[in-house]
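Student: Residue strings, one per chain:
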Amino acid sequence: MIALYNRKITAFFFEFKTNNIALYSQLIAGFALVNILIIFPDIFDLYSTYGYVNSAINNQFVNWFEPSLSSVLSWLESVGFYKNVALLVVIIGYVLSLFFILTRYQPFLFSVIAWIMHVMMVNSSYYFSYGADFFITFILFANILFNVDKVSLKTTTIQTIQSFTIRFIQIQLCMVYFFAGFGKIVGIDWINGDAIWYVLHAFAPEVVAQQWFDKISIPILFMGIAWVTLLTELCYPIFIFYSKTKKITLFSVIAMHLGIFIFLKLYTFAFIMILLNIIAFGHYLTYPAILRKKILFKKWSVMREKLISTP
Amino acid sequence: MKTKVLLLIFLGIHIACVLFVNTYALQSLKPKNTIGVLNPVGAYCIEHINLQLSSEFIANFIDGYTNLTGTDRGYEFFSPNISRKDMNLVFISDTGEELQMMQSIEAEIKTFTAISYFNMKILDDTDWHTILRSICKRFFAKYPSVEEITVYADFATYPAIEEAKQCPPRDEERILISKVQYHDSTL
Chain A
1 MIALYNRKIT AFFFEFKTNN IALYSQLIAG FALVNILIIF PDIFDLYSTY
51 GYVNSAINNQ FVNWFEPSLS SVLSWLESVG FYKNVALLVV IIGYVLSLFF
101 ILTRYQPFLF SVIAWIMHVM MVNSSYYFSY GADFFITFIL FANILFNVDK
151 VSLKTTTIQT IQSFTIRFIQ IQLCMVYFFA GFGKIVGIDW INGDAIWYVL
201 HAFAPEVVAQ QWFDKISIPI LFMGIAWVTL LTELCYPIFI FYSKTKKITL
251 FSVIAMHLGI FIFLKLYTFA FIMILLNIIA FGHYLTYPAI LRKKILFKKW
301 SVMREKLIST P
Chain B
1 MKTKVLLLIF LGIHIACVLF VNTYALQSLK PKNTIGVLNP VGAYCIEHIN
51 LQLSSEFIAN FIDGYTNLTG TDRGYEFFSP NISRKDMNLV FISDTGEELQ
101 MMQSIEAEIK TFTAISYFNM KILDDTDWHT ILRSICKRFF AKYPSVEEIT
151 VYADFATYPA IEEAKQCPPR DEERILISKV QYHDSTL
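From first to last, the protein sequence lines stand for chains A and B.
Here the working numbering is used: the first residue of the first sequence is 1, the next is one more, and so on.
Here the working numbering is used: the first residue of the second sequence is 1, the next is one more, and so on.
Just so you know, the hints here were simulated from the structure itself, not pulled from any lab data.
Cβ coordinates follow ideal geometry from the N, Cα and C atoms, glycine included.
Any given hint could turn out to be false.
[To be verified] 25 Å max Cα-Cα, derived DSS-like pairs, lysine-lysine:
{"hint": "1", "chain 1": "A", "residue 1": "Lys8", "chain 2": "A", "residue 2": "Lys247"}
{"hint": "2", "chain 1": "B", "residue 1": "Lys4", "chain 2": "A", "residue 2": "Lys17"}
{"hint": "3", "chain 1": "B", "residue 1": "Lys121", "chain 2": "B", "residue 2": "Lys30"}
{"hint": "4", "chain 1": "A", "residue 1": "Lys244", "chain 2": "A", "residue 2": "Lys8"}
{"hint": "5", "chain 1": "A", "residue 1": "Lys154", "chain 2": "A", "residue 2": "Lys17"}
{"hint": "6", "chain 1": "A", "residue 1": "Lys265", "chain 2": "A", "residue 2": "Lys8"}
{"hint": "7", "chain 1": "A", "residue 1": "Lys8", "chain 2": "B", "residue 2": "Lys2"}
{"hint": "8", "chain 1": "B", "residue 1": "Lys179", "chain 2": "B", "residue 2": "Lys121"}
{"hint": "9", "chain 1": "B", "residue 1": "Lys4", "chain 2": "A", "residue 2": "Lys154"}
{"hint": "10", "chain 1": "B", "residue 1": "Lys30", "chain 2": "B", "residue 2": "Lys85"}
{"hint": "11", "chain 1": "A", "residue 1": "Lys17", "chain 2": "A", "residue 2": "Lys244"}
{"hint": "12", "chain 1": "A", "residue 1": "Lys8", "chain 2": "B", "residue 2": "Lys4"}
{"hint": "13", "chain 1": "A", "residue 1": "Lys8", "chain 2": "A", "residue 2": "Lys154"}
{"hint": "14", "chain 1": "A", "residue 1": "Lys17", "chain 2": "A", "residue 2": "Lys265"}
{"hint": "15", "chain 1": "B", "residue 1": "Lys85", "chain 2": "A", "residue 2": "Lys265"}
{"hint": "16", "chain 1": "B", "residue 1": "Lys85", "chain 2": "A", "residue 2": "Lys154"}
{"hint": "17", "chain 1": "B", "residue 1": "Lys121", "chain 2": "B", "residue 2": "Lys85"}
{"hint": "18", "chain 1": "B", "residue 1": "Lys142", "chain 2": "B", "residue 2": "Lys179"}
{"hint": "19", "chain 1": "A", "residue 1": "Lys17", "chain 2": "B", "residue 2": "Lys2"}
{"hint": "20", "chain 1": "B", "residue 1": "Lys179", "chain 2": "A", "residue 2": "Lys83"}
{"hint": "21", "chain 1": "A", "residue 1": "Lys246", "chain 2": "A", "residue 2": "Lys17"}
[As the list claims (entries may be wrong)] Some but not every residue of chain B turned toward chain A, in silico, with C-beta under 7 Å:
{"hint": "22", "residue": "Val18"}
{"hint": "23", "residue": "Asn81"}
{"hint": "24", "residue": "Leu89"}
Extracted from the complex, chain B is given alone in its bound form (with noise of 0.2 Å):
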């Protein structure tokens, strides 16, 4: 008896923590902090969400005890809409060669998250260059020869639904964002 109820107060927890972090996710979702646009009635359920947690020890406690059990980035994967527009980073070596950051069958999508991570650091300045310089700092000590690298950032729109009949190509364009010498990156 004494497992049963230990069991059910730790689903209690886990349930309380799970709905926490998600009712947060979704909090951010508000209108003004959103670069996509709800509909009408999802905004006013977002609206109508207000948690706020005073108490520092049980945020800590959440946070704590979502991250061991893998449950604190909340799940809402690709909402509420999907940009149509991509930026990927180019690393080019002064030899000309586009370097790669990975080379496993995860490389893509682990690649992809970062770069997602990156863009809200794009407005940061400082961040974003620090960032930057570490990631050059790693292939410049996979790549000895190279002495600077340039990175770019693509950016592509795609086209509208409904111009897919007529398939027209990407609209893409390639910015330079930043020249990383070897000493810098060691700074």
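The shape of chain A in the complex, shown without the other chains (with noise of 0.2 Å):
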């Protein structure tokens, strides 16, 4: 039975099937590059020791033995470098460090390197940091595990971290999904569907002025709207594993992050939930991959004749 149970355990963490790793930590190393380049007109206002809430404050948040900016800034600034410059070249040490894992050099240090730096960046803008900032910093400790081929370990080795990631990263999402819903369903807002009402006025006022909020039943809309999104999320770390609704409840939960991404506009947010999702489960749609890969080779064979057959 010990055993049974043991071999159960194995199978699961250990032997799952890892064949887009080196892409997956690419797509990582990609998002939080393209975040980082789109923050960046902000960054001497998010990160500066002299940002709009100044190290002094924001440093009552992080404690002694959290990595943060100021403390290498002050270094840097020590050693010669003007305080916007010293934010600068930490900065281009992120965006290298993105760029090396990107073009798979050194993947394995870069991707330290890179989470150390973002998590000294979360730690330095304390009251500007959400949500998106956290899971960027999530997905960057993985993209550790991700590339440890890089290391001088044996393949089996490799392939028991890269499948444990895998399924470390499912966990998490089944555990964030969990609480996100927990926590709005011991309220109100989200049962009569006021929930909805208050947040797309809140994000997105040109939307609730529109003229066809008139035309239809807007309570029983929104209730339906935020029922969907409780049942999606609390029922989540079940019904992703489970056969007959684990599709379903992956669409289900990239259409809320879509929606999220059009109308409340967050679009960090949204982009780095579906690229977990999709990390995560992502061989649950290997339909559409195939049937592309048919298609590409189909375009390449009708291409390759066409070029044999010119003259």
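Fit chain to chain and form the complex, with the hints in mind.
Tutor: See below:
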């Protein structure tokens, strides 16, 4: 009985097929790169020692053992860098690390560097950091485990760690959605649908001003959206693993994040959550991938024949 | 085998830390602590959460680990309720220009997040003014010609869902918070 139990645990955590690890690592690095480039116009306001919330105020929220930019920037300033140049040096270091992961040059080393630099940036911007920033920290942490193949380990150990990392992300997502759903269901606004109405007012006032709102039964519509959100989040840990519901759950959760992207305009948050779901459960989407490969292969075959037949 | 055992121990620690952080976050929703209202079943569940850590070492370990893995703030997004009231800070220069805090695509959500935290500080006069001075100091550095910034709080109350068909306007109010002069911000 114990042997069977051990066998199941081993199979679940350590024998998961991991074909696309390098691609996932590149997607993570690419996403983090786009993110830092998007917020680049605001980096001095967010991360500088003299940003909107200066380091003296910010550091009240950072424990002494948690890495933050202020000590690195102070050191760089002490060796002669101007304050803004010192921050630029750190940001360029982060961008280069992500670029090297993207090009697969020393990905393990640069995954560690990118992760620690991102943690420092988040810790140096306590007030301005939100969900997306924390999920980027998490995915950069997981990215280190994805890149263990570049460390001198046995092939079986590498496969074991990479398989475990996919399960680790899956379990993390289950906890994320469960607590997100549980937090909502103990209140009132998500049960009667008011939450959707207020969220739209807060993030998309132009949507609630549209004329078509007059023509639909708003309370029922919003209650429906709220309940679908609640059920998707609360039941995610079970439905995402159950064979009959796993695909619909994955599609529902991706649709929910697309809604967040379009209506709430939380672009980075929506993207990182979709990326996490694809990395964790993207193997459910095998059919479209096969289809795409076949179409591409057909196109390539036709092109090749034309090229060969051209005198 | 050794790698597998180590990985499972790591997973156990990770799950324990994330469960602790999120359960603790839920505990803070107890009716006496929250501005929102819980439904009866929710209130019963939350009331029975009683999580305490006596060991400072374990608390520091959880803080440190969850900080490094980006799991330290919990996942109770938009929970348990969403306020009908909204507040935004507006910074007006002495030339009458409205000063924008940031410009990137992420500016809106980052400013929204920061203002949500500032709201929690509004009752603490010292903290609140320290933050305001820090923000204004940055503005003075970015706009050297500005010598005084007037800070307003724009309060908005959204119409209730039952009033939606009438499309009533938001109830909006602007309140003067503070006037910060260049020399104040450098204090």
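Student: Failing hints, ascending?
Tutor: 6, 14, 16, 20 and 24
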